[in-house]
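Asks: Sequence lines, in order, name chains A and B.
In terms of this note's numbering, the first sequence has 169 at position 169, counting the first letter as 1, and numbering is strictly consecutive.
Just remember that this note's numbering sits 1000 ahead of the position in the second sequence, which is counted from 1.
Note that these hints are calculated values from the structure, not bench results.
Please note that the accuracy of each hint is not assured.
[Said to hold, decoys possible] Some but not every residue of chain A turned toward chain B, in silico, with C-beta under 7 angstroms:
| # | residue |
| --- | --- |
| 1 | Val104 |
| 2 | Ser248 |
| 3 | Arg291 |
| 4 | Ile293 |
| 5 | Leu294 |
| 6 | Gln296 |
| 7 | Leu387 |
| 8 | Thr399 |
Cβ atoms here follow ideal geometry from the backbone N, Cα and C, with glycine treated the same way.
Protein chains: 2
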Amino acid sequence: MLETIGKQAKQASYQLMKLSAAQKEEALLAIADALEKNIPAILDENKKDVDALAAKGGTQALIDRLTLTEKRILDMADGARQVNALQDPIGEVLGMVKRPNGLVIGKKRVPLGVIGIIYEARPNVTVDAAVLCLKTSNACILRGGSEAIHSNKVIVDTMVSALSSVGFPQYSVQLLEDTSRETVTKLMKLNEYLDVLIPRGGKGLIKSVVQNATVPVIETGTGNCHVYMERSAEIPMGVEIITNAKTSRPAVCNAAETLLVDEAIAEEALPAAYEAMKEFHVEWRGCEKTRAILPQAKLATEEDFATEYNDYILAVKVVSGIDEAIAHINRYGTGHSEAIVTSDYFAANRFLDEIDAAAVYVNASTRFTDGFEFGFGAEIGISTQKLHARGPMGLKELTTTKYVIYGNGQVRR
Amino acid sequence: MLETIGKQAKQASYQLMKLSAAQKEEALLAIADALEKNIPAILDENKKDVDALAAKGGTQALIDRLTLTEKRILDMADGARQVNALQDPIGEVLGMVKRPNGLVIGKKRVPLGVIGIIYEARPNVTVDAAVLCLKTSNACILRGGSEAIHSNKVIVDTMVSALSSVGFPQYSVQLLEDTSRETVTKLMKLNEYLDVLIPRGGKGLIKSVVQNATVPVIETGTGNCHVYMERSAEIPMGVEIITNAKTSRPAVCNAAETLLVDEAIAEEALPAAYEAMKEFHVEWRGCEKTRAILPQAKLATEEDFATEYNDYILAVKVVSGIDEAIAHINRYGTGHSEAIVTSDYFAANRFLDEIDAAAVYVNASTRFTDGFEFGFGAEIGISTQKLHARGPMGLKELTTTKYVIYGNGQVRR
């Protein structure tokens, strides 16, 4: 069964390779139109999922993520149109050289082939992932959370009908309807047909994929992000940055979890930051030195510095200087986004050079790590691994390259 | 123990990040000199390994791979000097943009961090791998075959002394002296410290790493490569290319294993190719149509078309045209190197576009897929996966990128 799905996807990927940008445009617009036309049916099917989850006692947060509304479906269609408007990355030649023996060697951007995407019970990801794959001429196998199965089925059916109406291979987008754990584990080992696997979701899902997959994985990430106020920092700027990084959207991966403050400015900076965050009821958990200045802070444990709270909680540490700050971040960080606030040229450069993370900021909030903010026009996720893609992933990160070599009879001596 | 090695490597990697190209030059030249000075000691230790393998009844081929000579050690030193002469890829900025909010976002080439390399009983790989990692400011953990343990120890000791003499962190290069299967399996799951794992060696080794690793792997590859003589091919050119691709070095991954010939030219092309390969005693295994033209060929089975012989054996199939040729290659190929011989513009373009492989050739031998032939000046291996690196890997493939972002107080609204 899974074998068949894999084989069909691989065959479709060969067909997709041949399609022009104009044909892909037709397909993405057809998907957007079909989703809009099919709103009543999608809402009906979604209601089955929502009712079932509610009957099972699902939390309000889970139910919210699962629930579709007319507005949400229109947003999904709109998302497809936005991706359609982006430049097609396929076919670009990244470089071409003529070798001494006359061989002309070019490096060309091509689709990855078949992409597996494993995600949770968020039906909007079904459209989003399919559209990004199609735009980059990849076939995809989607495995969404079991709680969203009715929603996902009707959405994929809608997209597949739209694709068929414009002559696209029908297996370009496939949903894994069997959402059992056994089958998803098999999917993670489907090396013969899958070129890459992208997990999108929480820590548990990502960890499970990293632990079990034999197919290459792009790990999208957890973010234990820091803001470091160096001794030369403009304190009001630092306060604004940490307040934004902590409170503007605490549940996302680019939110800050820990504030590091240079001891030379701690007495001034800490109360100012505390004051600025008061309206958000942020819970402070600080080191001993922090508590000497701000007794309102709870005592932070080792565990606190290693935790991605995703909540209105902030770990705080007073550090002796940039060496300690860099060492702390490289030890506890997850390689996502890290920021320094400083007026010192050398401190800025050291931080940029020595911090081992996907995105390193000087005098800006970590919250900017995002495909849209970086100007990619789309985002598949934020990679915290170092292979293939690091940081926000746009369309280019769904491609690979191929060497194309033009000869006139060369053989190797 | 492995935990300690991992932690030391990670610490060393942070130090390596800060070193300049000039400091790395000093280190690589020191390694080259030290290897030359230490030839007698290296030969002594190598003799222990060779004697032990001979006593165990190792094959002549294995003994040859394991045996060092003065010349081979001089070649290793020379290899270090050649890598040293290449341009340092670290620090290059691949692009920088100013966003509407004033953030300046650059993408910078940085080291991967800690690279694990698992290889067989070939002591020259010990130097080669270490030098490529050092040139790209990566720390490495080397795990060579157990039969080469004395050779590897003395070589790593020699390199580490040389590194210390120029002030390099001592854990930049570490050898895993415990070569047990249990420990190598742990190495494959050392996600906290290892950024990437590269297996270098035969099929069994690579498969084992792909199956067991949770650390991201760069799969270097097996090659079931094809030459397709399309109907418009210049037959003498085609004969020269397939002869070169099959016989110039049959044991390597870029050698051809299967010849596909268009039925329109099979009667002329097959006897000519057979004749040209006669002096190499190539065994032909052909389809029925091949055997109708060349009764000397044995009958090929399905299995033959899927096999990487690495030997003087050639599978041969007569195909009805380019559609069948492309389908055959995409089915049986391993995504390594594929060649068409043709005079037809459209056939050339279709082959380049539709073949799913790392290197696709028109009118040239598959044997050119190689870091040196491609002008990279070095080669870590040839990747047959699609993530991160595809085809020959040079120094750049041992790097990742980091976004560096320059702000002046930006926060996200």
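Asks: Are glutamine 296 (chain A) and chain B close enough, Cβ to Cβ, to be under 7 angstroms, as the hint says?
Replies: Status violated, d = 24 angstroms.
Asks: Min Cβ distance, threonine 399 (chain A) to chain B: is it shorter than 7 angstroms?
Replies: Interface hint status for threonine 399 (chain A): violated (9 angstroms vs cutoff 7 angstroms).
Asks: Restraint: serine 248 (chain A) near chain B, CB-CB cut 7 angstroms. Satisfied or not?
Replies: 6 angstroms, holds
Asks: With chain B as the partner, please determine if isoleucine 293 (chain A) meets the hint condition of a C-beta pair closer than 7 angstroms.
Replies: It is violated, given that the least Cβ distance between isoleucine 293 (chain A) and chain B is near 24 angstroms, above 7 angstroms.
Asks: Does the CB of leucine 294 (chain A) sit less than 7 angstroms away from some CB of chain B?
Replies: 22 angstroms, violated
Asks: Are valine 104 (chain A) and chain B close enough, Cβ to Cβ, to be under 7 angstroms, as the hint says?
Replies: 10 angstroms, violated
Asks: When the nearest CB of chain B is found for arginine 291 (chain A), is that gap smaller than 7 angstroms?
Replies: 27 angstroms, violated
Asks: Can we keep the leucine 387 (chain A) interface hint, with Cβ of chain B closer than 7 angstroms?
Replies: At about 4 angstroms, which falls below the 7 angstroms cut-off, the nearest Cβ of chain B leaves the hint on leucine 387 (chain A) intact, so it holds.
Of the numbered hints stated above, those contradicted by the structure are hints 1, 3, 4, 5, 6, 8, listed in ascending order.
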